[in-house]
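Residue numbers (the numbering used here), protein chains in the order written: chain A, 1 to 202; chain B, 1 to 202.
A portion of the hints provided could be inaccurate.
You can't tell identical chains apart in this list, so a pair holds if it fits in one copy or across any two.
Calculated lysine-lysine pairs in the BS3-like style (CA-CA distance at most 30 angstroms, straight line) [stated by the list, open to error]:
#1 188 x 14
#2 122 x 51
#3 122 x 14
#4 51 x 188
No lab work stands behind these hints, which were simulated from the structure alone.
Take a look at the letters that make up each chain.
Protein chains: 2
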Amino acid sequence: MARWEPGAPERLQKAALELFATRGYEQTTATEIAQSVGLTERTFFRHFSDKREVLFYGQDVFVQAFLDGVDTAPSGASPIEIVACALQSAASLFPDERRPHSRQRQSVIEQNPALQERESHKLASLATTVADALRARGVDELAATLAAESGATVFGIAFTQWIREGEQRSLADISAHVLRELLTLTGKATASRSIVTTPTRN
Amino acid sequence: MARWEPGAPERLQKAALELFATRGYEQTTATEIAQSVGLTERTFFRHFSDKREVLFYGQDVFVQAFLDGVDTAPSGASPIEIVACALQSAASLFPDERRPHSRQRQSVIEQNPALQERESHKLASLATTVADALRARGVDELAATLAAESGATVFGIAFTQWIREGEQRSLADISAHVLRELLTLTGKATASRSIVTTPTRN
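Here chain A stands alone, though its shape is the one from the complex:
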């Protein structure tokens, strides 16, 4: 049995990010990542199911922040209001000083389709988990799914904006702005009778 390595996942993630950014994702092996911080390949795979997963360490904390936001929403809050609380709670995980790290990580992900796939799926899984939490609060099946998916969409768009060069606003502010835009956009559409009253178009 290998002994427990304190902080190993964090060290491995940091090393992986550096190596992926300098050498490229495809050109870096899990063994090289592990060795660069004095650990073994075996330790790497005890913490991560595959090489991609090292960039997603902390996903459980991220999802939990959304769930904490759902829990703290006032009783009687509408599904979208609950999601607004979840978004603000999640944003608190990304203080301004984390922006350079997030930017570097995203840049690596955007250069590799396999990492993009993993990321798309993580965002989809987040929406599924948040939808379950909404249903547990008594929100209808369909409304829960739509509200949670919209929350994941808003987070994704806001995060992309937050890491843009020159962006100064906090992730919380950007998230709130994007959510308001979504409500404005759909509010306009609701005012149009053609979508709301016509069941089918073809």
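Put chain B on the given structure of chain A with help from the hints.
Below, chain B alone, put in the same frame as chain A:
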């Protein structure tokens, strides 16, 4: 140079679906898929970049259906109205007789995380492409992204419902219903001042 095989991608997809459903995705190789319809591994990889991709043959036609819907939306339509047209156009690709095939395909995807990742990413790519088309029609950057992402969300939810056992409604009807639910949900939230007027909560 291998000669051109008419209908090879369709035959490979059909064979792959059968083999994945009966033997399992992991237990089936690209060579076995190809051989089961009298083709070679080389032919398989001329059509598909990897084993996963065989289940996503036709994605370009699917994306084009959304784009056709965007094109045919009346001038002056709001972003969500354009997306409603795109959804109805996409739904026309899935007549009732295609339901058993779609159901079998989805069942295979749901049993394999690698296929789920590819699917999540395809849906994300669809949203990116539709957002570009909305921008080309003059829709604002953020509104285009939000409307396109919402369209992809509505499609995903409607499709999941469409392939449920016992579901009788057409995909067009379900899509219209899910979109109306989204508008109702966000319409209610717009009526609540707390989200629309408070820029930040923490």
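Each hint tested on the structure:
1. 188 x 14: For residue 188 and residue 14, neither the intra-copy (45 angstroms) nor the inter-copy (43 angstroms) Cα distance is at most 30 angstroms.
2. 122 x 51: The answer is both: 15 angstroms in one copy and 22 angstroms across copies each meet 30 angstroms.
3. 122 x 14: both (20 angstroms within a copy, 29 angstroms between copies)
4. 51 x 188: Intra 45 angstroms, inter 44 angstroms, cutoff 30 angstroms: neither.
Consistency note: the structure conflicts with the earlier hints numbered 1, 4.
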